[in-house]
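Novice: Under my numbering, the first residue of the sequence shown is numbered 697, with each subsequent residue one higher.
To be clear, the hints were calculated from the coordinates, so they are not data collected in a lab. Be aware that a few hints might be false.
Straight line, CA to CA, 20 Å or less: simulated EDC-like cross-link-like pairs of lysine to aspartate or glutamate [what the hints assert, rightly or not]:
hint, residue 1, residue 2
1, K753, E727
2, K856, D837
3, K856, E775
4, K857, D837
5, K805, D793
6, K857, E885
7, K753, E775
8, K805, E751
9, K833, E818
10, K856, E845
11, K753, D793
12, K747, E771
13, K833, E787
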Amino acid sequence: MRFDDDDDDAGRKTNTNTNTKSGCSTSSCAELLVYDFDGTLVNTPTPREGKIMYENKIGQAWPHVGWWGRQESLEPPLEVGPGPAWASYVENRTRTDCVRIMMTGRVEKLSRRVTECLRMLEGATETLCFHELVFKKGNGDTLEYKCEELRRMVRAYGPKKVRIWEDRVKHAEGFREFGKREFAEIVFEVTLVEPSNDY
């Protein structure tokens, strides 16, 4: 995901992990697959391009101060599509030896719309197959929050290998250092997708 949520009420929101095990099964956890949402699993407009797109289609300037904390940033007339890591998710969606996680810096109040975007890309005939959809708590540092969630996931699932897909350069580097520092006995593979970002 991108940098910390910038909405005025983000700090008052407490999120929960949304479990979507329907259609998913795991006989063992050889790999923990963790996908970022914006710019990674799903191509969503960045503030700069999204505000231009909004103004071109609506004829008015973007009326909000924030971006990542606004549901409108994921709604028409703005457009979303498959991101650079979507093909990897599709390739791994039916595996029974891995756990699939979507982990975003978007906050819990946007969970419904984020899920709708994922279901739209999945298609009406397919079941969304993530074991967890994880949303950010409050307005703290996004990388710290994601590393804390990774600690929880490693304890919970006991994977032999962790694979992470991320579009933010600093976050990708942070995950690599985190893996070396705290889980040297586990293979940590971080894929910086292209195009990458550094907001």
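Novice: It remains to establish, for every hint, whether it holds in the given structure.
Specialist: Consistency of the hints with the structure:
no., hint, verdict
1, K753 <-> E727, "43 Å, violated"
2, K856 <-> D837, "27 Å, violated"
3, K856 <-> E775, "37 Å, violated"
4, K857 <-> D837, "25 Å, violated"
5, K805 <-> D793, "31 Å, violated"
6, K857 <-> E885, "8 Å, holds"
7, K753 <-> E775, "11 Å, holds"
8, K805 <-> E751, "25 Å, violated"
9, K833 <-> E818, "26 Å, violated"
10, K856 <-> E845, "17 Å, holds"
11, K753 <-> D793, "45 Å, violated"
12, K747 <-> E771, "12 Å, holds"
13, K833 <-> E787, "30 Å, violated"
Checked against the numbered hints above, the structure violates hints 1, 2, 3, 4, 5, 8, 9, 11 and 13; every other hint is satisfied.
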